[in-house]
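What follows is each chain in one-letter form.
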Amino acid sequence: MCATVLLSSCGDKDNSSPATETGTLDLEMEHIVGTQALELNRATPYTTTAGDQFKVTTFNYYISNIKLKKADGTEYVQPDSYYLVKESIANSKRLTLDKIPVGDYTGITFTIGVDSARNVAGAQMGALDPSNNMFWDWNSGYIFLKMEGTSDQAPSKSLIFHVGGFKKPYNAIRTVSPSLNGKTVLVRTDHSPEMHFHVDLLKLFTGIRFADASSNSHSAGPSAVRIADNYAAGMFTVDHIHAN
Amino acid sequence: MKRTLTASLAFWGLAGLLVASCQSEAEVAPSEAVPGSVLPANFPAPAYALDQNPPSREAFELGRILFYEPMLSRDGSVSCGSCHQQFVAFANADHRVSHGVAGRLGTRNAPALQNLRWKRDFFWDGGPKNLETLPLAPLTNPLEMDETLENVLHKLNNITEYQQRFFKLYGRQPIDSYQFLRTLAQFTAGLTSANSRYDQYVRHEPGGELTAAELRGRAVLAQKCAACHSTDLFTDDSFHNNGLDRQFATDSGRAHVTAVRADVGLFKVPSLRNVAQTAPYMHDGRFQTLAQVLEHYDHGVVESPTLDPILRRSDGQLGIPLTRQEKSDLVAFFNTLTDQEFLKDKRLSERP
Numbered sequence: 001m002c003a004t005v006l007l008s009s010c011g012d013k014d015n016s017s018p019a020t021e022t023g024t025l026d027l028e029m030e031h032i033v034g035t036q037a038l039e040l041n042r043a044t045p046y047t048t049t050a051g052d053q054f055k056v057t058t059f060n061y062y063i064s065n066i067k068l069k070k071a072d073g074t075e076y077v078q079p080d081s082y083y084l085v086k087e088s089i090a091n092s093k094r095l096t097l098d099k100i101p102v103g104d105y106t107g108i109t110f111t112i113g114v115d116s117a118r119n120v121a122g123a124q125m126g127a128l129d130p131s132n133n134m135f136w137d138w139n140s141g142y143i144f145l146k147m148e149g150t151s152d153q154a155p156s157k158s159l160i161f162h163v164g165g166f167k168k169p170y171n172a173i174r175t176v177s178p179s180l181n182g183k184t185v186l187v188r189t190d191h192s193p194e195m196h197f198h199v200d201l202l203k204l205f206t207g208i209r210f211a212d213a214s215s216n217s218h219s220a221g222p223s224a225v226r227i228a229d230n231y232a233a234g235m236f237t238v239d240h241i242h243a244n
Numbered sequence: 001m002k003r004t005l006t007a008s009l010a011f012w013g014l015a016g017l018l019v020a021s022c023q024s025e026a027e028v029a030p031s032e033a034v035p036g037s038v039l040p041a042n043f044p045a046p047a048y049a050l051d052q053n054p055p056s057r058e059a060f061e062l063g064r065i066l067f068y069e070p071m072l073s074r075d076g077s078v079s080c081g082s083c084h085q086q087f088v089a090f091a092n093a094d095h096r097v098s099h100g101v102a103g104r105l106g107t108r109n110a111p112a113l114q115n116l117r118w119k120r121d122f123f124w125d126g127g128p129k130n131l132e133t134l135p136l137a138p139l140t141n142p143l144e145m146d147e148t149l150e151n152v153l154h155k156l157n158n159i160t161e162y163q164q165r166f167f168k169l170y171g172r173q174p175i176d177s178y179q180f181l182r183t184l185a186q187f188t189a190g191l192t193s194a195n196s197r198y199d200q201y202v203r204h205e206p207g208g209e210l211t212a213a214e215l216r217g218r219a220v221l222a223q224k225c226a227a228c229h230s231t232d233l234f235t236d237d238s239f240h241n242n243g244l245d246r247q248f249a250t251d252s253g254r255a256h257v258t259a260v261r262a263d264v265g266l267f268k269v270p271s272l273r274n275v276a277q278t279a280p281y282m283h284d285g286r287f288q289t290l291a292q293v294l295e296h297y298d299h300g301v302v303e304s305p306t307l308d309p310i311l312r313r314s315d316g317q318l319g320i321p322l323t324r325q326e327k328s329d330l331v332a333f334f335n336t337l338t339d340q341e342f343l344k345d346k347r348l349s350e351r352p
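Heads up: the protein sequence lines correspond to chains G and P, in order.
Throughout the first sequence, residue numbering follows UniProt numbering, covering 1 to 244 in sequence.
Throughout the second sequence, residue numbering follows UniProt numbering, covering 1 to 352 in sequence.
Bear in mind the hints are in silico, worked out from the structure with no lab data behind them.
Possibly wrong hints are sitting among the right ones.
Claimed, not checked - Among chain P residues calculated to face chain G with C-beta under 8 Å, some are:
id	residue
1	Gly127
2	Ala137
3	Leu143
4	Asp146
5	Leu149
6	Asn151
7	His154
8	Gln173
9	Asp176
Unchecked claim - Listed below are several chain G residues computed to face chain P (Cβ distance under 8 Å; list not exhaustive):
id	residue
10	Ala121
11	Ser219
12	Gly221
Glycine included, C-beta positions come from ideal geometry on N, C-alpha and C.
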């Protein structure tokens, strides 16, 4: 599951400025549920902060439009950065950003989901290939985050959270800038630092009770927006940074 | 993102030049042109620009083969062409709603496929938003082709002729969704209907004579229908509640996609091109004749919360009043929108 979009080779062609020195930065996504590691189909259920019990069978999401900020305020925008992270595929949880101009980076911003332009751009490859089963065909656009599982508290015993939609009033595109906690990431030709994220699945369910049938979400609409607001509010945190 | 777009445009620039040369060739030898590769002079700018997927004859022909390929359905019984028949402008003759695999009935009337290059969204509810990704909906709908994209690609990749044809176009294998969707779009984007007697009239071409009744019909249309059926595409591609029902429990229309209450009961304005050929009418195919459609607008419109304001008159009556003469003139004009060349173009048919 190499997530980078193939079009990036086109993107490089108009970069006619003299070759700048570049390095690599890895983003590592560690999925957790509160204080526990996420484990698909785990025997013992997890418990939400509201007390509902649940198991997880699927957890996938898009990370896109990654921007890195330097201490002097200038920004590096990673071209064609679309990544599909799947809990079930270990190496999809390591996002390798290559050709990053060397420098001291103090901030990161990314979209959880896919920008509106790519949602309507037609056939896509790589992470955005509709064969990845993260594309709605009946209301075309990408599923930004897909969480499926079971809960005894849910009326149908099943949990289906397919969050997407990019049109007002139910725009679920969220951009986040998790804090680096005062750290600086040094990208060098001979240094490939790693930013290690905690992605806390419990944050999805803030204010949600599974007994409420309308809490399940599988279309663009108000419940998708509520989940998106939840995951934008601190689901991604930087746990530590390896300088390497 | 901007950088990507610029790069893509630069990438296609070369291909764009090739298209241009195709077009000039087309003027010399029309039979060699890729159908739909010349934009009609009386049409607005297309949504799916020529340089987004530059027409090529080989890709178009492979797209046509895919369009008529029943293997795209789960049980091999239904192709795109099953519900979209050329002789009725790629609508479904006689069928009120679409017929899928195993005799399953869909919920809506299969719309005519014509001038899709000019559409910004598709279907009666505007769900699909790009011509290239549109086929994923009928392909996976259990009431239509009931197949998966994965399995379609698997089947295509098992057939040597498809492998070879796709490899010739894209120079890599296996056949992937990008190749499949882009190739199918070569055909669907080429379904341009712009050579009706009306077109010849507005473009001052030979054969473009309209009778007095037809001209009166055109004037009635401009006065009473053009709020929705506008431009030479005869639709503004907007969504309206045209007063068919008091409630929309079985099909909420546009609201199915937007989840917005104000969109309940709104459906896409269809084009009037080839309208005399594309019965039955409305999103659920409830009317068999154009006369019934006009009767509906004249006195059949019913009240509902989202009824379009255009259909509310100052005297409290609903609908668009039409005299017997106006209705007769409108139907006369509708007939001028029939494009025999399009309906019979061998290059668009299952067996050219």
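Here is how each hint holds up against the structure:
1. Gly127: holds, 5 Å
2. Ala137: holds, 4 Å
3. Leu143: violated, 11 Å
4. Asp146: violated, 13 Å
5. Leu149: holds, 5 Å
6. Asn151: violated, 10 Å
7. His154: For P/His154, the interface hint is violated, since the closest Cβ of chain G sits about 11 Å away, which is over 8 Å.
8. Gln173: With a minimum Cβ separation of about 14 Å from chain G (threshold 8 Å), the hint on P/Gln173 is violated.
9. Asp176: holds, 7 Å
10. Ala121: holds, 7 Å
11. Ser219: holds, 7 Å
12. Gly221: holds, 4 Å
Checked against the numbered hints above, the structure breaks hints 3, 4, 6, 7 and 8 and satisfies the rest.
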